[in-house]
Amino acid sequence: MYRIALPLTFLLAACGAQPAPEFYGAKRTDIRHAGRDYVVYQKGNRAEIIRMGFLRPGRHRATREAMTTLLEQVTGCPINAATLQGDSGEMRTTLRCPADPTD
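Sequential numbering from 1 applies to the sequence shown in our numbering.
Hints may be right or wrong, so weigh each one.
[As the list claims (entries may be wrong)] Label-pair distances were calculated between CB atoms; the ranges are:
#, residue 1, residue 2, range
1, Gln-85, Lys-27, 17 to 23 Å
2, Gln-85, Arg-59, 17 to 23 Å
3, Gly-76, Ala-20, 17 to 23 Å
4, Arg-56, Pro-78, 25 to 31 Å
5, Ala-82, Gly-16, 29 to 35 Å
6, Gly-16, Cys-97, 35 to 41 Å
7, Gly-89, Tyr-24, 33 to 39 Å
8, Glu-65, Asp-30, 19 to 25 Å
9, Tyr-24, Pro-57, 30 to 36 Å
10, Met-52, Gly-76, 20 to 26 Å
What the hints contain is simulated information worked out from the structure, not anything from laboratory work.
Just so you know, these numbers come straight off a predicted model, no measurement behind them.
Note that the Cβ used here is the ideal one computed from N, Cα and C, for glycine as well.
My request is simple: use the sequences and hints to build the entire structure.
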């Protein structure tokens with residue numbers, strides 16, 4: 001069993017950030033902030049951010065704050081805080097800007 005599980009784990013880890021199904025076909029932006037990599041997906045007035053890599057204990061609150069700031073910087077739109085869902089690994093939200101009619 002372990003002979004299969006271990007290589008499969010490495011294969012899946014190598015895939016990188018994958019968006020939630022609602023963000024398939026979304027605009028992708030890779031960004032580095034404070035030594036950490038993030039991927040932002042934007043589709044219309046919805047956005048998702050994924051933190052890449054390991055996060056040490058005690059850094060989750062600051063990372064969540066950085067992720068909300070990065071969402072606004074990358075998309076150019078303020079987030080609707082009432083719609084923010086997720087944690088320091090992945091967050092999704094609705095943006096307060098008009099959707100792109102080409103989406």
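Right, here's what the structure says about each hint:
Our hint of 17 to 23 Å for Gln-85 and Lys-27 holds, since their Cβ atoms are close to 20 Å apart. Checking the proposed 17 to 23 Å range against Gln-85 and Arg-59 shows it holds: the Cβ atoms sit about 20 Å from each other. Against the hinted window of 17 to 23 Å, the Cβ-Cβ separation of Gly-76 and Ala-20 comes to about 21 Å, which satisfies the hint. Checked against the hint of 25 to 31 Å, the C-beta distance between Arg-56 and Pro-78 comes to roughly 30 Å, which is consistent with it.
Distance hint check: the CB atoms of Ala-82 and Gly-16 are about 30 Å apart, consistent with the given range 29 to 35 Å. Taken as a hint, the range 35 to 41 Å is violated for the pair Gly-16 and Cys-97, whose Cβ atoms sit roughly 27 Å apart. Distance hint check: the CB atoms of Gly-89 and Tyr-24 are about 19 Å apart, inconsistent with the given range 33 to 39 Å. Range check, Glu-65 to Asp-30: about 20 Å between beta-carbon atoms, so the 19 to 25 Å window is met.
Checked against the given bound of 30 to 36 Å, the beta carbons of Tyr-24 and Pro-57, roughly 33 Å apart, stay inside it. Between Met-52 and Gly-76 the CB atoms are about 22 Å apart, so this pair conforms to the stated range of 20 to 26 Å.
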